[in-house]
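Chemist: Using the sequences provided together with the hints, build the complete structure.
Numbering (this note's numbering), first residue to last: 1 to 432.
These are computed hints drawn from the structure, not numbers from a lab.
Note that beta-carbon positions come from the ideal geometry of N, C-alpha and C, so glycine has one too.
Mixed in with the good hints, there may be bad ones.
[Claimed, not checked] The calculated label-pair distances, taken between Cβ atoms and stated as ranges, are:
id, residue 1, residue 2, range
1, 383, 343, 24 to 34 Å
2, 196, 81, 49 to 59 Å
3, 88, 328, 55 to 65 Å
4, 110, 52, 44 to 54 Å
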Amino acid sequence: MNASGEKLNGILLLYHHQIAKNASTIMEHVNAFAQHSKFPVWRVNTELGFPPFLDKLSFSVILLHYSLFGVPFCIGPRFMRYLENHRDTYRIVFLQDEYRYWPERKEFLNHMNIDCVYTLVEPDYFDITYRRVTSVPKLVYQLPGYVSLHIEDMARRYTKPDSQRTVDIGYRGRRLPYYLGRGSQEKHIIGVEFKKRAEALGLTTDIETEENKRIYGTSWPEFLANCKAVLGVEAGVSIFDIDDEVRPQYAKIVTGHPDVSFPDCSFEEVSRTILAPYEDNVYYRTISPRHFEAAALRTTQILFEGKYSGILQPMRHYIPLKKDFSNFDEVIKMFSDASLRKQITDNAYNDLIASRKYTYEKMVEEFDRDLASVGIEPGEDRKKVERVDRALYNDRYRQIFTKVWSVSRHKEFPGRNLLKPIIKPIFQKLGI
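Modeler: Below is the structure:
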């Protein structure tokens, strides 16, 4: 079934973002399309519910953002119905963390007859992943993030001279479940092992690997800019559970839910018992937005050796640390050379940031060209765009009020009784 409605030559971008602390990279990715595309882009946050005016519209392109595809998927029944009713629209899905809940993702792609997927899976592995189990006709390789306007502004605001930085080596990582493979453990291992070895060296370190120590908002660039060097690893994991075989096996040997719990035995024991045959069957490692951020803030990167999407080169853009720490002393010696640090940070800044090779602007230009290759060209009446902007904005305004009211109406807070007589009539007028 195809729904009628006013046809717009533009992009409906559906995404999910909680009204709470969250990774800034999500909204950088979402906002990049409106900032740089030649098409008008209408962004709708599914967290706020379905905007009623949307039912009166159809679009030449629907873009489903990777933030929708957690578990459960953040696409409510009305959004699903809208997608069902607009099967004649060219539909694109951006995906990340594809190693998780692969069966649910592939079922969605097939059921919705998705036309194009932007994926972190490298082209060499398209045949054994997407082409084996989905009917998606077009696959495009992408990076998990690019250099945003925010990163460029962050560099201008927070970068300071090496001599004014009070932390020698910093890091924030996290512990991931064993079933994601040896690569997933590197985020935890590099922090724990480096911190242990650095303790006796008189270095000022700020290295943490627990979830509750993560840093958000403006505190993150402030932290990064105050470090002379930062540790890092490739993003991604080393087990891509194509047939959902590893996670169920792992669940049998842990107490509680496998996403958050760890067995009493060591990773090496779990690896021998379950994981070894699945390691790197699909290479799912990549450069991450953190590497671009460090380059922008001229913070030296000390990284586990890896491919880094062919972008970062050892001793040009970072100091390479072997995964067995056998060259730890050499790494510390290189880090202690201020002139070498400057050379490396200059290279990283010039090649990754100043070159503008890896900007969201470039990514979206390529995205627009991909649309042109299937016959979708920009060109919409400005007055129509502005009218739809206003209508969707009014829906969004009402939705935000609804969300805030639903969260706060049963909560006690200072001044609640004074505000209630003022706010209640507003909500009643809005029909909330």
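Chemist: Does each hint fit the structure? Answer for all of them.
Modeler: Outcome of the hint check:
Checked against the hint of 24 to 34 Å, the C-beta distance between residue 383 and residue 343 comes to roughly 54 Å, which is inconsistent with it. Between residue 196 and residue 81 the CB atoms are about 54 Å apart, so this pair conforms to the stated range of 49 to 59 Å. The hinted range of 55 to 65 Å is satisfied by residue 88 and residue 328, whose Cβ atoms lie roughly 59 Å apart. For residue 110 paired with residue 52, a C-beta distance near 30 Å fails the hint of 44 to 54 Å.
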